[in-house]
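Novice: Sequence lines, in order, name chains D and H. Per our numbering, the very first residue in the first sequence carries number 1; after that it's consecutive. Per our numbering, the very first residue in the second sequence carries number 1; after that it's consecutive.
These are computed hints drawn from the structure, not numbers from a lab. For clarity, every value in this text was computed on a predicted model and none was experimentally measured. Just so it is clear, CB atoms sit at the ideal spot from N, CA and C, and this is done for glycine as well. Hints are not guaranteed to be accurate.
Claimed, not checked - Partial list, computed: chain H residues near chain D (C-beta under 10 angstroms):
#1 Pro260
#2 Asp275
#3 Phe279
#4 Lys291
#5 Pro297
#6 Asn309
#7 Gly310
#8 Val312
#9 Asp331
#10 Arg334
#11 Val345
#12 Ala355
#13 Gly376
Unchecked claim - Keeping only pairs whose Cα atoms sit at most 30 angstroms apart, straight-line, the calculated DSS-like set for lysine-lysine is:
#14 H:Lys375 <-> D:Lys138
#15 H:Lys356 <-> D:Lys138
#16 H:Lys291 <-> D:Lys130
#17 D:Lys223 <-> H:Lys291
#18 H:Lys375 <-> D:Lys226
#19 H:Lys276 <-> H:Lys291
#20 D:Lys115 <-> H:Lys375
What the hints assert, rightly or not - Which bits of chain D does chain H cover? Going by a derived footprint, with three or more residues having C-beta under 8 angstroms, they are:
#21 46-52
#22 123-129
#23 152-166
#24 187-196
#25 204-213
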Amino acid sequence: MKSQAGNPLVVERYTPLDRLVHMVHAAAMLTLIITGLKIYFGWSFMSFHTARGLHMFAVPFLLVVNWFLIPVSIALATEGGIKDKFLHFANHYVFGPSDAARMGGIIGNFFGKGKYPAFSVYDESAGHYKTKLHPLMKILIIIEGLAIVLIAISGIVLYSLDWSFLGLPIASWILTVGGMIAPAFGMSSLEFLRTFHLLLTYWFVFELVVHVGILELDPKVWKYYKAIFWSGKEDVSDGNYSEVINNHSDNLPEKSHGSEKVVKARKS
Amino acid sequence: MKNLVKILDSVDILKMDRRTFMKGVGLLGASTFLSTYSTQIVSALEFAETKIIWLHGAESTGCSESLLNASNPDVAQALNKLNVNLAYHETLLAQQGIWVDGKLANTADLNSEILLEDLIKQGNYILVVEGSIPMGPAGSGRYLVIGEKPFKDTVAEAAKNATAVVAVGACACWGGITNANSDIVNDTDYRGIAFAKTDPKKGLFTELGIDKPVINIPGCPPHPDWILLTLGALILGKVTLNDLPSILDEYKRPMLFFPPDHVVHDNCPRRGYYDKGLFDEGAGGPNCLWKMGCKAPYAHGDCAMRKWNGSVSVCTQAGPCIACVEPGFPDSSRPLYVEAEDKGVLLGADVGTIAKVTVGVAAVAAGVHAVRRMKGE
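Using the sequences and the accompanying hints, generate a full structural model.
Specialist: Right, dumping it as structure tokens:
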């Protein structure tokens, strides 16, 4: 990894837990999309029962990752109390005014105006990222979180029309709620929930195209592929989409600040 | 099944609890059940007689025809075995309405309307309603008048002295085809007994302030077993009005015949083709009909297990299921031969079209974005 000024500042962008979560999430999501669309379209490359089996196998992985490991990962990313953890979540995952400004710059650049703004901002003095996700990714992540909840809920009914948990008739409740919305679309509750499940599947396909296509199909962001799948590190001084604020010249090796650890900071 | 029949054959029907009875009729069907227990039933009901008043509203009489299609036992045998007096059935009884100068004439032996009035006065009958009931125009109900009396008033009078009310067919349950969306649907204002489409607040009984428990036997038409076995359960006292909340679903359908956890698709004869991913896209093929708009995945009915026409066939062997047992039929199933997922949900576009457009736009944007980034612009 080469820095622009030959002065690398390599930091840990993704913890091992982040990388594990991302890989499991990606594998589960791809499995669910492919097997789900196979079931719907009747593609011939796999039997219905195999597709359904794989589909149901992938579900717990996706849910454990999203509803347990990601919250744990976010909670572990900062020291301090609930307020600190909430602020970390808000700064890193919630689309805010500064993200809106960056997004404006990105859209302007797309249409030939201005430079592509940096979205990965590292505060060297504090020793951690101020924000690191592409603003579009922040929008996608929040919608994705909601979409996973909704597709899981609608999926319960597709899995079993009388599914219950601890004696609670969950599927029946879902069908009742679905029945309140379905007439607006001229559907029965079950029709609506099946169609909604399909629509959310298409959302994940769309998100995949945007995530991989728009955010990642760029040689200058390929460093993030390596970071998320393997190394976990980023040279924040290389200037491509990253910016270092409050930087100083006495970077020391293996220096650790707060939640984000500077795994390798040195002058060349 | 043979073992079950053997086991049930040795059971005294009169000592059978309701749960076992319901399981029995669900598994065996009317013909096997009635023939298995005919001796016991007849002896038990030797001195008892149950009257049925069967009213016809706005309908095609297809439900009665379906009942008449019952075989082994046919409807006459079943009524005989159950010791039922089908006291009034407009299309089967010999009498007819006779008015002279606007007034009912003659006696109940010849005049069906006098017979009906007498039966209502006597009480102690099960009221079966086939067909929908118009409230139009403007709440008068005069779009269906027999003699001088709007049909809604006849139903209201008959309901008051009934021991139980059974709505037979989609029309009596939800308004059915007569209540399907059209330019005149609000003017004619057809209602089901307990629902108008899926709305219980607009059901005839709610509208008229009649507080009577209702059993809905939907379908267009309903299976004869569903009708006979429901009436049989009521007549034999295996189902009482107190039991209704536990055996009916939210749309007042017996869960035994319309199971909430089961759809026609689960036991469809074409199910194997679905599992293989083989779908027909035109008429006459052997494969799964889902892509032709088959509503079996949404239809809660035991059709595919019970089978029709003397237990030899089911609708999906001929063409797509239209989910005629579902609340709000036929509007809830329209368009009949379009897959539910292909219904327009946004400005007439279905989810597949919406997905193709948005994913396509995203892919193009991604491509342009990638080229521009690679050029360093």
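Novice: Of all the hints given earlier, name the ones this structure violates by number, lowest first.
Specialist: 6, 7, 8, 16, 17 and 22
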